[in-house]
Amino acid sequence: MLRAAGRRILGLGSGHRAPAAAVASRGYHERVVDHYDNPRNVGSFDKNDPTVGTGLVGAPACGDVMKLQIKVDDATGKIVDACFKTFGCGSAIASSSVATEWVKGKHMEEVSSIKNTEIAKHLSLPPVKLHCSMLAEDAIKAAVKDYESKKAKLAAANAETAQTEKVASA
Amino acid sequence: MTCLSKGGSIVFRGLRAMSLSSHLMVVSEGLANTPSPGREPSFVSPARCRCPPAARRASSTDTLPTPSSSSTASASSSSSFTASSSSSAAPSSSPSSSSHRRQFLENNCLNVFLIMRRSKNCSLFSLLRTSLKELVYENTAKRGLWLSASSLVHEDLHLHPRILSNFCINTRSFSIPVKRFDRASNCRGLDHHDFPEVRVSNRFLCSSEAGSGELPRCWNCGGAAVSPGPFLACGLCGSVQPVDQSIDFFQIFGLERKYEIKDGNLEGKYKDWQKKLHPDLVHSKSEKEKMFAAEQSARVIDAYRTLSKPLLRAIYLLKLEGVHVDEEKTITDPDLLAEMMDIREAVEEANDSHSLNQIQTQVEEKFEKCSRSFEQAFKIHDFDNAIAAIERMRYHDRALEEITKKL
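Quick note, the sequences are listed as chains Z and X, same order. When we follow numbering that gives the first Met the number 0, the leftmost residue of the first sequence carries the number 0, and every step to the right adds one. When we follow numbering that gives the first Met the number 0, the leftmost residue of the second sequence carries the number 0, and every step to the right adds one.
Keep in mind that the hints were calculated from the coordinates and are not lab data. Ideal placement from N, C-alpha and C gives every residue a C-beta, glycine not left out. Certain hints may be false.
To be verified - Cβ-Cβ distance ranges computed for the label pairs, FRET-style:
hint : chain 1 : residue 1 : chain 2 : residue 2 : range
1    : X       : His282    : Z       : Pro125    : 35 to 43 Å
2    : Z       : Phe44     : X       : Glu400    : 22 to 30 Å
3    : Z       : Gln162    : X       : Glu259    : 55 to 63 Å
To be verified - Mimicking DSS-like on lysine-lysine, the simulated pairs with C-alpha atoms at most 27 Å apart in a straight line are:
hint : chain 1 : residue 1 : chain 2 : residue 2
4    : X       : Lys261    : X       : Lys368
5    : X       : Lys308    : X       : Lys287
6    : Z       : Lys46     : Z       : Lys144
7    : X       : Lys328    : Z       : Lys46
8    : X       : Lys378    : X       : Lys365
9    : X       : Lys328    : Z       : Lys149
10   : Z       : Lys144    : Z       : Lys77
11   : Z       : Lys140    : Z       : Lys152
12   : Z       : Lys140    : X       : Lys328
13   : Z       : Lys120    : X       : Lys284
14   : X       : Lys318    : X       : Lys308
15   : X       : Lys328    : Z       : Lys144
16   : X       : Lys378    : Z       : Lys46
17   : Z       : Lys114    : X       : Lys328
18   : Z       : Lys165    : Z       : Lys105
19   : Z       : Lys152    : Z       : Lys105
Stated by the list, open to error - Among the chain Z residues that face chain X by a calculated CB cut under 8 Å, a handful are:
hint : residue
20   : Ala58
21   : Val64
22   : Lys66
23   : Asp137
Produce the entire structure from the sequences given, and follow the hints as far as they go.
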């Protein structure tokens, strides 16, 4: 049921689903097809959860939207879970799926060093689809940034409440 | 300057007696022998490789139909041209001599250009082209002028052997103020697409001075373009004309360059054009005309498609103004993206056509709003806002596509 929901959310239709490695020159790479058929980590987390960072990016050229969310363990700074939601072409979906897979279990600083070229190479993206991998990289960075800014805001808010408490008790 | 002029005059006198074709041999040999300085490799190679066919052509084409006085004039101008080119081939790295050389080149180019135009001798075209290229890249004040001249030369070379008569430029247009040509230099991407962009400015002059300047002429019957409107097919003999890149899509449909097109009757005009230009109508004609027909009708199809879709029309309008919409950067505008995310999710979840239609009308309304804001921004030339409006339009357009797919 989840898979069906996932399929719908990803906007899967009858689209171009070239057979895996047979049509090497013109078809999608088998990894891309795999991510399309068996989407992993599709879903969403609660946006207001303080441990969740949300990256929302778009590509003006094709009108794609990509949302990537990471759940971070505050103590260790490691990413424990990630999920994504992408409206766009197969390459965009595959890129974001790969991004969520790679991001899991890594430290936040490490994750910022994931390059779009690695994603593109992993999926054998043709030149015309390289911007999809760029989008995925930007989504990761945006998610990390969002988490950090949330943390900073929370820290500032806590400091304020602590101060007011001190003043009250004094 | 004096040493150059002396050398020039000596060569001048020496070469005056020779015919045009032998000039060419001398020039090409001279250029081939001189060690080409790093600045002008273009002088040597094209001249060398173009020499044999050009020489053959020179001997086969008619020599000057004009009286002998102009033949000596042409000989003298071509010899002065060769003088300038040989002097330029000589190491003249000093700045003062380069500016004089440039002036020399300019004057000679002008003369040779006009002579060639009259004599229809294409053998010197290649040399003229290389020198024009140099002038253009040196970024002179009259850059626009030389750009347009070079585009004409390029065009003629391309269409050799039959030199086109639809040559709009005449001596008068050389004195037209430089600001007209600035249009060409202001177009972005000029460095990559010199020739087509420049033809915009050149032909723009032409079409705007319809009464005063020379009209484009049919390559087949030589008749001038009489009817109003873009010259895509000859009114007299019906031959399809080669594609003129400077006629923009709006001109093809006789519309003003605005975003709003009311009562444009695009479809009617489109069908009218295809009745004249469609490739199926030129089965029995020459290969050249078939090619023209294919290109022209493809262009008209492109124009129709671009103008009938608001988003494409908007992008095209900006392109005509020289504004390039950068599509590579990712955008992180949270409001727009969150909105689009919601819309797309709603589309995915909606299963019946009723709710889909509802969403569709909503999105269409939003699209209209973006459309209006684009129009406003474009009118006041606020290109940043125009680009932002285009982005929004694209997202909404995409959403509408998805809805249509689902319906």
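How the hints compare with the structure:
1. His282/X x Pro125/Z: 35 to 43 Å: holds (38 Å)
2. Phe44/Z x Glu400/X: 22 to 30 Å: Since the Cβ atoms of Phe44/Z and Glu400/X sit about 29 Å apart, the hinted range of 22 to 30 Å holds.
3. Gln162/Z x Glu259/X: 55 to 63 Å: Given range 55 to 63 Å: holds, Cβ gap about 58 Å.
4. Lys261/X x Lys368/X: holds (18 Å)
5. Lys308/X x Lys287/X: violated (32 Å)
6. Lys46/Z x Lys144/Z: holds (14 Å)
7. Lys328/X x Lys46/Z: With a Cα-Cα distance of about 25 Å, the restraint between Lys328/X and Lys46/Z holds, given a limit of 27 Å.
8. Lys378/X x Lys365/X: holds (20 Å)
9. Lys328/X x Lys149/Z: holds (25 Å)
10. Lys144/Z x Lys77/Z: At roughly 14 Å apart (the allowed maximum being 27 Å), Lys77/Z and Lys144/Z satisfy the hint.
11. Lys140/Z x Lys152/Z: Judged against 27 Å, a Cα distance of about 18 Å means the pair holds.
12. Lys140/Z x Lys328/X: Holds, because 14 Å separates the two Cα atoms, which is no more than 27 Å.
13. Lys120/Z x Lys284/X: violated (51 Å)
14. Lys318/X x Lys308/X: Roughly 15 Å separates the two Cα atoms, so the pair holds.
15. Lys328/X x Lys144/Z: Holds. Lys328/X to Lys144/Z sits at ~18 Å (cutoff 27 Å).
16. Lys378/X x Lys46/Z: Measuring from Cα to Cα gives roughly 40 Å; hence the hint is violated.
17. Lys114/Z x Lys328/X: Since the Cα atoms of Lys114/Z and Lys328/X sit roughly 16 Å apart, the hinted pair holds (cutoff 27 Å).
18. Lys165/Z x Lys105/Z: violated (38 Å)
19. Lys152/Z x Lys105/Z: holds (24 Å)
20. Ala58: It holds, given that the least Cβ distance between Ala58/Z and chain X is near 6 Å, below 8 Å.
21. Val64: With Cβ-Cβ at 5 Å, under 8 Å, it holds.
22. Lys66: holds (6 Å)
23. Asp137: holds (5 Å)
Hint compliance for this structure: hints 5, 13, 16, 18 are broken, all remaining hints hold.
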